[in-house]
Amino acid sequence: MNELAELVPYLGKHKPRAARALVILLALVAPLIAIMFGRTWVRVLDFALLYMMLALGLNLVVGYAGLLDLGYIAFYAVGAYTWAFLASPHFAEAFPALAAGIGAADGIHLPFWLVLPIGAALAAMAGIILGFPVLRLRGDYLAIVTLGFGEIVRIFMNNLNYPVNITNGPQGINLLDSMNLFGWDLARSIKLWGVKIDSLFFYYYFFLLCVVGSILFIQRLQISRIGRAWAAMRDDELAAKAIGINIRNMKLLAFALGATFGGVAGGLFGAFQGFVSPESFSLMESIAVLVMVVFGGMGNIAGAIVGALILTALPEILRHIALPIQQALFGQVLLDPEVLRMLLYSLAMILMMLLRPGGLIPAHARYSRPEYVAVGEARA
Amino acid sequence: MIRLLEARAISKYFGGLTALSEVSLTINKGEVYGLIGPNGAGKTTLFNVLTGAYVPDEGEFVFDGTELPTGKPHRVVEQGIARTFQNIRLFRDMTALENVMAGHHIRTRATIWGILTQNRRTREEERLTTERAFELLRYVGIERFARTVSKNLSYGDQRRLEIARALATEPRLLALDEPAAGMNATETGRLRELIERIRSDGTTVLLIEHDVKLVMGLCDRIAVLDFGKKIAEDVPAEVQRNPAVIEAYLGGGHHAQ
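Protein sequence lines correspond, in order, to chains A and B.
Going by this note's numbering, the first sequence opens with residue 1, and the numbers climb by one from there.
Going by this note's numbering, the second sequence opens with residue 1, and the numbers climb by one from there.
Any given hint could be a false lead.
Unchecked claim - With the Cβ distance kept under 7 Å, some of the chain A side facing chain B (calculated, not the full set):
#, residue
1, F156
2, N158
3, Y162
4, I215
5, R225
6, A229
7, A232
8, D236
9, A242
10, G244
11, I245
12, S368
13, R369
14, P370
Derived from the structure by calculation, the hints contain no laboratory data.
In this text, a Cβ means the ideal position worked out from N, Cα and C, and glycines have one as well.
Between the sequences and the hints, there should be enough to build the whole structure, so can you do that?
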């Protein structure tokens with residue numbers, strides 16, 4: 001896990017092992033520190049982890065394969081709505097007769113190990129559906145079509161309550177099942193030796209596990225023939241064709257795999273939030289995730305993680321500072337926190353372009369296994 | 001003589017322009033076959049049609065007894081034809097080693113599942129790919145730059161790297177598009193040695209080149225294109241004496257009118 005060391009500015013270069021240990025330690029104790037400032041901050045950390053998964057997935061598409069995707073949040077939506085449909089009372093409410101007929105009078109409540117893979121598979125399929133028509137598009141054109149795709153999915157979610165109520169329209173779906181790990185409900189706080197452990201902690205560590213899994217997977221992809229094929233395609237599509245890379249398959253694979261991460265993150269989001277509505281999947285969210293990837297540094301794992309962490313936490317911090325200040329100065333809130341968030345993102349982009357065009361952690365990704373390279377070099 | 005590649009009456013039009021007009025040629029196994037002609041004669045178009053970048057309007061290629069698929073570059077590479085580009089096209093953010101490893105893509109099989117689990121087969125394949133890439137870098141003489149990001153290599157080394165990357169696809173026919181362009185005399189000399197070595201190691205070479213000395217010294221046979229038509233195909237000494245070729249290059253009577 002060399003990428004982890006890169007997260008620490010100075011130490012990472014000189015003492016990678018110490019840096020790595022520091023990152024792991026911080027990741028483990030972060031919620032314990034956050035709880036000192038209140039539960040909200042643990043919640044913020046939980047969301048930061050979800051955004052990390054999204055950023056990692058989008059980075060696969062944008063950073064590695066070089067395909068600009070402005071509709072990425074659509075896959076998040078697919079995952080979340082899959083969870084909402086397969087693990088909530090919604091089914092019974094929408095189709096009472098049918099539900100009673102199949103013995104699901106209180107809705108469908110499938111376990112997470114079924115719903116998450118189904119959500120991931122549906123998202124991957126959505127990725128392929130998006131991928132096919134845009135195979136020949138590049139740059140601006142690709143961005144426009146993916147943007148449209150994201151909006152189409154959101155509009156579908158908004159309107160699929162009629163004639164058949166699948167998504168419950170703008171009201172969204174409520175009372176989603178929480179994450180239940182084989183009988184252990186993560187949404188329930190536990191009292192252990194007289195100490196109450198908040199459910200937000202359980203979600204934190206579960207999400208952390210998912211993020212670590214994603215990192216491992218993506219790292220392995222990066223140093224494989226597929227990672228090299230993506231990088232080749234990104235650097236020079238014509239030359240990639242000339243060495244026999246099947247551009248169509250590799251693009252579809254990038255879209256599908258990227259979407260898979262989005263789908264899983266969406267499912268986790270649904271379980272965590274307990275409620276989904278089309279509002280959560282607006283264009284602004286797609287842009288937010290893209291900003292995280294670009295701000296952190298495109299084409300590397302550490303960049304996506306740092307970008308997601310900073311751009312999730314900073315608006316929250318700002319919200320807690322800016323609101324009281326506005327109240328004190330003007331006696332009212334002039335700038336809505338959501339506006340502030342977008343303002344902050346724009347500012348982050350502008351500063352980055354001026355000061356660090358490669359992102360906070362510019363990519364210097366390697367696409368080969370270091371130990372094999374070392375062997376080859378020793379022999380040479 | 002065993003025929004390796006046969007072009008049968010290849011034609012390619014761009015709108016009203018005839019880029020290639022019924023070009024037929026035969027390349028034998030183990031030879032260096034030169035393709036020359038004035039600028040705009042259709043040499044690179046022939047390359048692009050051969051390697052599947054363009055679909056020919058008429059005609060077909062037969063490679064080692066089977067017809068080549070058209071418009072499917074990756075299938076052509078799979079069959080055993082690799083190419084380089086007139087203006088170097090490397091993967092600029094990858095190291096020299098990784099460029100060559102990327103070239104081995106078509107000969108590897110690791111699946112998503114294998115990569116995810118890093119099973120023994122995937123690791124072994126990856127190890128062999130790395131090893132083979134080092135061998136090829138050594139073969140073209142730039143193994144000391146294995147870790148250098150390719151955009152930072154010198155011009156001549158970039159040319160060599162492109163050849164190494166093409167060789168990584170394990171071709172039976174290597175098509176080089178002006179490999180000596182922009183090289184000085186020493187570099188050209190080393191390039192000539194490299195191409196001769198590639199031939200003696202059993203790979204057939206198709207060569208587009210403007211450097212007359214290099215072409216005449218290196219090629220076993222030469223075809224000359226002019227305005228999309230093949231005007232000569234012979235051994236170098238004969239081609240040099242061919243009146244049609246001289247006219248194409250120096251301008252003949254009817255051009256001057």
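Does the nearest C-beta of chain B fall within a distance shorter than 7 Å of the C-beta of P370/A? For P370/A, the interface hint is violated, since the closest Cβ of chain B sits about 10 Å away, which is over 7 Å.
Restraint satisfaction for A232/A [CB to CB of chain B, less than 7 Å]: Cβ of A232/A sits 5 Å from chain B, so the hint holds.
Chain B contact restraint on N158/A - CB to CB distance below 7 Å: violated (34 Å)
Given hint R225/A near chain B, where the shortest CB pair must fall under 7 Å: holds (5 Å)
Status of the hint placing F156/A at chain B (closest C-beta pair under 7 Å): violated (29 Å)
Taking the least C-beta to C-beta distance, is R369/A closer than 7 Å to chain B? holds (6 Å)
Are I245/A and chain B close enough, Cβ to Cβ, to be under 7 Å, as the hint says? holds (6 Å)
Taking the closest Cβ pair, is G244/A under 7 Å from chain B? holds (3 Å)
Classify the hint on D236/A as holds or violated, based on whether any CB of chain B lies nearer than 7 Å to its CB. Check passed: Cβ of D236/A comes within 5 Å of chain B, closer than 7 Å.
Can S368/A be said to touch chain B, with a Cβ gap under 7 Å? holds (5 Å)
Hold the hint about A229/A up to the distance rule: shortest CB distance to chain B must be less than 7 Å. Cβ of A229/A sits 5 Å from chain B, so the hint holds.
Status of the A242/A interface restraint (C-beta, 7 Å, chain B): holds (5 Å)
In this structure, the hints that do not hold are numbers 1, 2, 3, 4, 14, in rising order.
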